[in-house]
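Model the full assembly from the supplied sequences, consistent with the hints where possible.
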Amino acid sequence: MDLFAQKNSIRLAMIERRSLLSDVVVKSVALGIVDQVCALAEVSHASRIGIYAGYQKEVSTQEVFKKLRLGSREIFFPRVIVAEGKLEFVPIESEQQLVRGYLGILEPEPGLLAVKVNELDAVMVPGVAFDETGGRIGWGKGYYDKTLAGFSKTKIGLAYDFQVVESIPAAKYDQRVDIIVTENKVIRCPKN
Numbered sequence: 004m005d006l007f008a009q010k011n012s013i014r015l016a017m018i019e020r021r022s023l024l025s026d027v028v029v030k031s032v033a034l035g036i037v038d039q040v041c042a043l044a045e046v047s048h049a050s051r052i053g054i055y056a057g058y059q060k061e062v063s064t065q066e067v068f069k070k071l072r073l074g075s076r077e078i079f080f081p082r083v084i085v086a087e088g089k090l091e092f093v094p095i096e097s098e099q100q101l102v103r104g105y106l107g108i109l110e111p112e113p114g115l116l117a118v119k120v121n122e123l124d125a126v127m128v129p130g131v132a133f134d135e136t137g138g139r140i141g142w143g144k145g146y147y148d149k150t151l152a153g154f155s156k157t158k159i160g161l162a163y164d165f166q167v168v169e170s171i172p173a174a175k176y177d178q179r180v181d182i183i184v185t186e187n188k189v190i191r192c193p194k195n
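Under my numbering, the residues of the sequence shown are numbered 4 to 195, in order.
In short, the hints are calculated from the structure, not lab data. It is possible that some hints are incorrect.
Distance condition first, Cα-Cα at most 25 Å in a straight line; then the derived PhoX-like pairs of lysine-lysine [stated by the list, open to error]:
id, residue 1, residue 2
1, K188, K60
2, K156, K175
3, K194, K69
4, K188, K119
5, K89, K60
This is the structure in structure tokens:
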């Protein structure tokens, strides 16, 4: 099986498994993750943090956003630039500044100015599956891989325990995460 087929097989299995989660479980996991994420030195010492709005039962960041907003941090959400196949990060002060964008995913409303990703101290990254070396499978469009290429600061994957698998097949353009946070553990991935 080629690399694309291997990744797609994992992707489909994880999306199916995640789709079976109840809203109660999704909310419970989000609440279980919030304190772990906010306690990370890479987050607690950061002043500019990229975060995402969950899509199709991805780990919700709503509670993380609320807790981070209590401090003096700037929080940035991604907006998809379809023509470039990349994301841009926009500072958000309120969830009311988010609107349905690409694929119905919440993103910053038009007109808000973006910053370069390298201006952020850390970025939280969604995923369909991860492995303990930081390998990640997303939705297959490559938006995070293209955007985070060359990003040298902390990339944090948020996942349900079952989304951490033994091994993720990787291509040279795939961006690894540095830390994975699940409802039960924090995994510090080896530096590449």
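**OP:** Against the earlier hints, flag every one the structure doesn't satisfy and list their numbers going up.
**Re:** 3, 4
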